[in-house]
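K.L.:
Listed below are the residues making up each chain.
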Amino acid sequence: MTKFQRFLLKRLAISVLLTLIAVSVIFVVLRLLPGSPFEALVTSGNLNQAQIDEIRAMYGLDEPMWKQYINYLGSLLTFQFGYSILRSQPVWDVLEPRLINSLILLVPALVTTAVLSSVVGMYAGWNRGSRLEKFSIVSTTLLRSTPVFITAIFFIIVFAYNLEIVPALGMRSIRATPDGYLETFVSLDFLHHYMLPFTVAVLYYSGDFLLLARNGVVEKRGSEFLKLHRAKGLSEMEQLARAGRNSMLPILTYFTLRLGMIFQGLILLEVVFSWPGIGRELVLAIQQQDYPLVQAAVFIMALAVIIANLAADVLYAYFDPTVSTSGGGSA
Amino acid sequence: MSTETKPKAELYRRVDALWTLVRDQFAFLRRDPLAFAGMLVVAAFVFLGLFGPFLAPHDPIEHTVRGDTGSVLRLSAPSLDAFFGTTAFGKDVLSQFLAGARPTLIVGLFGGLGTGALGFTVGVVSGYYGGWVDELLMRLTDLTFSLPFMPMALLLLTFVTPNIWLITAIIAGFLWKMPARVVRSEVLSVRERTFVKSARASGASDLRTMLYHVAPNVLPIGFLYTAYGVAWAIAAQASLAFLGFGDPTMTSWGRMLRQVFASGNIRVAWWWVLPPAIGIAAITTSVFLIGRAYEEVINPEIQTDQ
Numbered sequence: 001m002t003k004f005q006r007f008l009l010k011r012l013a014i015s016v017l018l019t020l021i022a023v024s025v026i027f028v029v030l031r032l033l034p035g036s037p038f039e040a041l042v043t044s045g046n047l048n049q050a051q052i053d054e055i056r057a058m059y060g061l062d063e064p065m066w067k068q069y070i071n072y073l074g075s076l077l078t079f080q081f082g083y084s085i086l087r088s089q090p091v092w093d094v095l096e097p098r099l100i101n102s103l104i105l106l107v108p109a110l111v112t113t114a115v116l117s118s119v120v121g122m123y124a125g126w127n128r129g130s131r132l133e134k135f136s137i138v139s140t141t142l143l144r145s146t147p148v149f150i151t152a153i154f155f156i157i158v159f160a161y162n163l164e165i166v167p168a169l170g171m172r173s174i175r176a177t178p179d180g181y182l183e184t185f186v187s188l189d190f191l192h193h194y195m196l197p198f199t200v201a202v203l204y205y206s207g208d209f210l211l212l213a214r215n216g217v218v219e220k221r222g223s224e225f226l227k228l229h230r231a232k233g234l235s236e237m238e239q240l241a242r243a244g245r246n247s248m249l250p251i252l253t254y255f256t257l258r259l260g261m262i263f264q265g266l267i268l269l270e271v272v273f274s275w276p277g278i279g280r281e282l283v284l285a286i287q288q289q290d291y292p293l294v295q296a297a298v299f300i301m302a303l304a305v306i307i308a309n310l311a312a313d314v315l316y317a318y319f320d321p322t323v324s325t326s327g328g329g330s331a
Numbered sequence: 001m002s003t004e005t006k007p008k009a010e011l012y013r014r015v016d017a018l019w020t021l022v023r024d025q026f027a028f029l030r031r032d033p034l035a036f037a038g039m040l041v042v043a044a045f046v047f048l049g050l051f052g053p054f055l056a057p058h059d060p061i062e063h064t065v066r067g068d069t070g071s072v073l074r075l076s077a078p079s080l081d082a083f084f085g086t087t088a089f090g091k092d093v094l095s096q097f098l099a100g101a102r103p104t105l106i107v108g109l110f111g112g113l114g115t116g117a118l119g120f121t122v123g124v125v126s127g128y129y130g131g132w133v134d135e136l137l138m139r140l141t142d143l144t145f146s147l148p149f150m151p152m153a154l155l156l157l158t159f160v161t162p163n164i165w166l167i168t169a170i171i172a173g174f175l176w177k178m179p180a181r182v183v184r185s186e187v188l189s190v191r192e193r194t195f196v197k198s199a200r201a202s203g204a205s206d207l208r209t210m211l212y213h214v215a216p217n218v219l220p221i222g223f224l225y226t227a228y229g230v231a232w233a234i235a236a237q238a239s240l241a242f243l244g245f246g247d248p249t250m251t252s253w254g255r256m257l258r259q260v261f262a263s264g265n266i267r268v269a270w271w272w273v274l275p276p277a278i279g280i281a282a283i284t285t286s287v288f289l290i291g292r293a294y295e296e297v298i299n300p301e302i303q304t305d306q
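Sequences listed follow chains A and B, in order.
The opening residue of the first sequence carries number 1 in our numbering; numbering runs sequentially from there.
The opening residue of the second sequence carries number 1 in our numbering; numbering runs sequentially from there.
Honestly, I wouldn't trust all of these hints.
[Said to hold, decoys possible] Sample of chain B residues facing chain A (criterion: CB under 8 Å; computed from the structure):
| hint | residue |
| --- | --- |
| 1 | V22 |
| 2 | A35 |
| 3 | L143 |
| 4 | L154 |
| 5 | F159 |
| 6 | W270 |
| 7 | T285 |
[Unchecked claim] Interface residues of chain B toward chain A, partial, derived using beta-carbon atoms under 10 Å:
| hint | residue |
| --- | --- |
| 8 | G114 |
| 9 | A236 |
| 10 | L243 |
To be clear, the hints were calculated from the coordinates, so they are not data collected in a lab.
By construction, the Cβ of each residue, glycine as well, lies at the ideal position given by its N, Cα and C atoms.
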């Protein structure tokens, strides 16, 4: 077994263990929550004891705790998340479209930002001390440190309420009744609703990529290999391209991490824009104590982050041989 | 005798060195106009957090603003009766803004300090000892990385009635991972330097070596991430409050925004939206601007890593 394979195996085992711990934490927290989603049903007095028992049995709540835990793990492994209590629908049927809605908003936004702001960041880093550098740093610092819902609110006020260019809420207009994903997403109405949240998401993500790219280039600028390139007579742009390529690794791994976090949706952005994504669904499910839905949503979110972390570590270890693969890649 | 005074003298020397460092940083910040502006905002914010509630002309929740005719002024634009206008419930926006700075300051300050202190300790211990201690602590940070912050915080806050200290604890409990990793990687390089090795060779205990030789050399990074921790904590607190998971007994900027948003008045009442929104944006951005200026002094190579 090579060193890299050993590292890979160890990292995989750790990820499995982390997943197990994460889902256990979710389980415990949910069981400790006071009250139960059925309380409203039960206290309304419309059910007799037999009916209550029947409902509890249906959701497996009459079983001892350890058995519930085993069932829970089993259901997660098979992606059978059970039945949503309040929506009377299988959990996955609720979550799948919401997840797609989040991804359709955030994946293009993330890719756009990663490309655009990396390029701008590299250019800014190359022209250190220039007006562009100063401006890009201030504006992205503002955008990434300000909580995303505040940026979103400003944009809504300006573009939706005052200029009235775009709608403020939702993903499709209320009267639209699209059938299937294709009809939902391929329409002018959707595009119209899409622009504002998309822009805010792009701006929100832009800061980290820009600063990463800038720092990378600033660091490479004084290094020996660039002196060689300069001596070889490469133009400024060609030198920048070389420096840029050498600072791609942190950007790439950061992109991977962000990609994992996209499966959480951008909770605050989705809430402000009433975007029917997974993050907003989670907030609603938590407020209504819809256990099965919350469980499944948080599980998906945690799993995506764990997988992305694993991928980022492996990418790093694979592409940068100077990074010690024995340290667990957590440096 | 000398065993007692020597560490003390050493400590004084270190405190003195630290003070010089702080003064130098301050002088540096004054040269950077952005960082200097940020510092002024932070100072104003701290002042508001300390004295805001006393400066508020009215009680932010109890008092209702009345016009000349004695009727309650609801959603009225800024006027002489209420400089910042009133909310949909006839409350004074200025008073709410002034009083709302305090929870933001508390969570920001203690959340940031907690984040920094916890992360610093974990980073130093983990990097210094290495081996299974390192393995264990780093897996623990991996765990906090893999539990998504916002969803978990929301879950925990439904489980207990939110109060400001609990929110602070939850935030610090999730955010310490950032400084921990950065400090650890710094410690890994400091550990290999000659003065640390010679300290250990001359029989200094682990604790002593860590305290006197390793920690001071990674302190600047620790401070930097404590500052970032303050900004993260403020942003997280505002976000939680906006989602309705804030301390229900306190007026905070996040809660003000929630009320104007949830009541649907965001469309008209700009005077109700702007003060808390600008307040939050200004303070978080300022802290980051100061942090960036610091970052270049402490370590030009450090990358902005979140």
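K.L.:
Decide, hint by hint, whether the structure agrees.
P.N.:
Checked hints:
1. V22: Check failed: Cβ of V22 (chain B) comes no nearer than 23 Å to chain A, outside 8 Å.
2. A35: This interface hint is violated because 11 Å lies over the 8 Å limit.
3. L143: This interface hint holds because 6 Å falls under the 8 Å limit.
4. L154: holds, 5 Å
5. F159: holds, 5 Å
6. W270: At about 7 Å, which falls below the 8 Å cut-off, the nearest Cβ of chain A leaves the hint on W270 (chain B) intact, so it holds.
7. T285: At about 5 Å, which falls below the 8 Å cut-off, the nearest Cβ of chain A leaves the hint on T285 (chain B) intact, so it holds.
8. G114: violated, 19 Å
9. A236: For A236 (chain B), the interface hint holds, since the closest Cβ of chain A sits about 8 Å away, which is under 10 Å.
10. L243: holds, 6 Å
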